[in-house]
Amino acid sequence: MTSFFQANHPNGAASARPSASRVRGNRTGGVSSRAVEVDQQPDLEPSCELGAFEQALRIDIGAHRYRIGFETGARIQCCAQRVTVATETLFQAEWITRHLRSNLEQVAKQLFGNAVTVEIAVAVAAEAAHAERGALPVAAALATPSNGNQREIEPALVASAPIRRVSASVREGTFRRLDDFVIGDANRLAFSASEAFAHNGAGAPNLLFLHGECGVGKTHLLQGICRRWAECSPQSSIRYATAEQFTNEYITAVRASTLDDFRRRIRKLDLLAIDDVHFFASKHATEREFLYTLDAIALSGARLALVSDEHPRQIKRFSESLISRFLSGMVVRLDRPDRATRLSLVRRLAHERQLALHPCAEEVLVSRCAGSVREIEGALTRIRAVAQLDGIHGAITGVHAERMLGGDVSLALPSAPIRLSRIIEAVSMRLGISRDDLLTNSRHRKSALARGVVAHLAREVTTHSYPEIARVLGRRAHSSVHAGAKAIRELLDCDGVLLAGMSAREAIDQLRHDLVRGARPLASLHSA
Numbered sequence: 033m034t035s036f037f038q039a040n041h042p043n044g045a046a047s048a049r050p051s052a053s054r055v056r057g058n059r060t061g062g063v064s065s066r067a068v069e070v071d072q073q074p075d076l077e078p079s080c081e082l083g084a085f086e087q088a089l090r091i092d093i094g095a096h097r098y099r100i101g102f103e104t105g106a107r108i109q110c111c112a113q114r115v116t117v118a119t120e121t122l123f124q125a126e127w128i129t130r131h132l133r134s135n136l137e138q139v140a141k142q143l144f145g146n147a148v149t150v151e152i153a154v155a156v157a158a159e160a161a162h163a164e165r166g167a168l169p170v171a172a173a174l175a176t177p178s179n180g181n182q183r184e185i186e187p188a189l190v191a192s193a194p195i196r197r198v199s200a201s202v203r204e205g206t207f208r209r210l211d212d213f214v215i216g217d218a219n220r221l222a223f224s225a226s227e228a229f230a231h232n233g234a235g236a237p238n239l240l241f242l243h244g245e246c247g248v249g250k251t252h253l254l255q256g257i258c259r260r261w262a263e264c265s266p267q268s269s270i271r272y273a274t275a276e277q278f279t280n281e282y283i284t285a286v287r288a289s290t291l292d293d294f295r296r297r298i299r300k301l302d303l304l305a306i307d308d309v310h311f312f313a314s315k316h317a318t319e320r321e322f323l324y325t326l327d328a329i330a331l332s333g334a335r336l337a338l339v340s341d342e343h344p345r346q347i348k349r350f351s352e353s354l355i356s357r358f359l360s361g362m363v364v365r366l367d368r369p370d371r372a373t374r375l376s377l378v379r380r381l382a383h384e385r386q387l388a389l390h391p392c393a394e395e396v397l398v399s400r401c402a403g404s405v406r407e408i409e410g411a412l413t414r415i416r417a418v419a420q421l422d423g424i425h426g427a428i429t430g431v432h433a434e435r436m437l438g439g440d441v442s443l444a445l446p447s448a449p450i451r452l453s454r455i456i457e458a459v460s461m462r463l464g465i466s467r468d469d470l471l472t473n474s475r476h477r478k479s480a481l482a483r484g485v486v487a488h489l490a491r492e493v494t495t496h497s498y499p500e501i502a503r504v505l506g507r508r509a510h511s512s513v514h515a516g517a518k519a520i521r522e523l524l525d526c527d528g529v530l531l532a533g534m535s536a537r538e539a540i541d542q543l544r545h546d547l548v549r550g551a552r553p554l555a556s557l558h559s560a
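Residues in the sequence shown are numbered from 33 upward in steps of one, following the numbering used here.
Calculated directly from the structure, the hints in this document are not laboratory data.
Certain hints may be false.
Under the rule of at most 27 Å between Cα atoms (straight-line distance), these lysine-lysine pairs were calculated in the DSSO-like manner [to be verified]:
(1) Lys300 <-> Lys348
(2) Lys518 <-> Lys478
(3) Lys315 <-> Lys300
Cβ-Cβ distance ranges computed for the label pairs, FRET-style [as the list claims (entries may be wrong)]:
(4) Val529 <-> His390: 25 to 31 Å
(5) Leu421 <-> Val529: 39 to 45 Å
(6) Cys526 <-> Asn146: 23 to 29 Å
(7) Ser289 <-> Gln142: 44 to 50 Å
(8) Glu500 <-> Ser466: 18 to 24 Å
Quick reminder that beta carbons are idealized off the backbone N, C-alpha and C, glycines included.
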């Protein structure tokens with residue numbers, strides 16, 4: 033994915049002619065060496081095969097390694113029994129060859145057969161030789177892969193990365209759209225804030241800070257902001273990067289004594305968008321440089337859009353000065369998608385994959401993938417792959433979906449037992465009730481419902497019997513616990529409301545997700 037781009041076109045228009053690039057083969061690790069001219073046509077939508085391959089690869093190597101290897105300048109192409117990975121630097125090609133080549137070959141053979149070949153190459157932009165390194169209309173592609181160890185950064189390789197003009201068509205083919213974002217109650221405010229920020233209106237804040245768990249749509253919104261801004265203001269200078277890329281560039285500039293050039297490029301932008309800003313934590317020199325950058329950009333009237341996994345106050349080892357700058361802007365949280373949003377996501381993503389799902393299969397996915405959009409994407413990729421292997425034609429039924437997802441490690445029950453005390457803690461936080469109220473003899477409806485939820489979940493994810501559950505809950509007879517669990521099952525069957533504004537199905541889905549995956553329970557939905 034192209035990580036940086038500049039919206040600066042003569043006469044406000046982009047060239048309609050696709051740019052050519054040369055691909056240089058890399059011999060490292062047995063990858064074939066060849067020289068070939070490639071016509072890049074970014075306007076074309078990625079094929080279904082490419083989408084399936086990328087999703088399967090993400091599942092195989094994990095989201096973090098995928099982001100490091102393939103979302104920082106590398107481009108995957110699937111064509112004629114060949115999978116090609118085109119990178120922007122030799123360093124990146126060698127890193128992918130050394131760490132991910134076996135995974136690429138394994139996934140390619142699983143999807144396309146044993147005859148498929150995998151090639152890793154360095155793409156050199158045709159117009160890179162004509163670009164001026166210091167010119168503002170040109171965006172430097174300094175996307176050096178890293179495993180988090182700063183000692184492995186190669187300054188010479190980073191500094192020699194090609195500088196190239198990137199047309200509007202490339203941006204449209206790379207960055208996600210705000211129009212494609214699925215809106216629900218959990219992300220409506222974040223979407224509205226992003227849309228207002230992207231239009232650069234008079235009332236828009238100078239700094240937008242989006243935070244939330246992994247896979248809830250933060251990067252989609254950040255890329256959508258960049259793309260909408262470029263469409264509305266073609267002459268603007270825009271830069272999108274991860275915090276890791278910013279750090280790598282800063283370290284390289286310090287080592288190469290080009291810090292002034294680095295600062296000049298960054299501080300003359302109209303929009304700076306930084307993803308995973310929590311990466312700056314504990315990196316004191318980079319934090320200080322970024323703080324100066326924030327102040328300089330703010331004085332120039334430019335805008336900043338930032339994304340993090342946590343609220344600024346919750347990021348450990350962040351300087352107070354940096355936290356106060358973040359809090360001076362608009363801070364918005366994205367929550368996990370609710371049930372209705374997950375259903376919309378399942379239908380849209382299934383349609384994009386040309387996958388027909390029976391309503392029962394949609395229900396299976398909505399219930400089992402309660403954590404993030406990536407879980408839904410991974411589950412649909414698995415279902416599509418298994419359906420192709422089994423030769424299933426027509427709509428996927430609920431039984432098919434259960435069978436296809438049964439062995440998925442990400443959706444399986446944990447090997448370690450779940451303690452009843454942990455279930456009680458999770459239910460207390462989710463329903464906004466104290467532990468003492470839950471364990472006392474209170475007959476208040478909220479307390480009774482909470483005990484019923486504990487009993488229902490304990491029977492579902494543990495091997496405890498009703499008498500054992502009753503003893504932990506302080507009940508003398510287990511009949512009341514049995515009745516409470518039965519009441520919860522009836523609410524689930526009729527899709528009833530557990531408490532005001534809280535669906536029983538949604539509450540159980542989220543609690544099950546937290547318990548099975550070992551996640552820290554979220555704060556009460558009722559009070560959110």
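To see whether the hints hold, each was checked on the structure:
The straight-line distance between the Cα atoms of lysine 300 and lysine 348 is roughly 30 Å, outside the 27 Å bound, and the hint therefore fails. Among the hinted pairs, lysine 518 with lysine 478 is consistent with the structure: their alpha-carbon atoms are about 16 Å apart, no more than 27 Å. A C-alpha spacing of about 24 Å is found between lysine 315 and lysine 300, which places the hinted pair at or below 27 Å, so the restraint holds. A C-beta distance of roughly 26 Å is found between valine 529 and histidine 390, which places it inside the suggested range of 25 to 31 Å.
A beta carbon spacing of about 41 Å between leucine 421 and valine 529 agrees with the range 39 to 45 Å that was offered as a hint. The hinted window of 23 to 29 Å between cysteine 526 and asparagine 146 is violated, with their beta carbons roughly 51 Å apart. Taking the beta carbon of each, serine 289 and glutamine 142 are about 48 Å apart, inside 44 to 50 Å as hinted. Evaluation of the 18 to 24 Å hint for glutamate 500 and serine 466 yields a pass: the beta carbon distance comes to about 23 Å.
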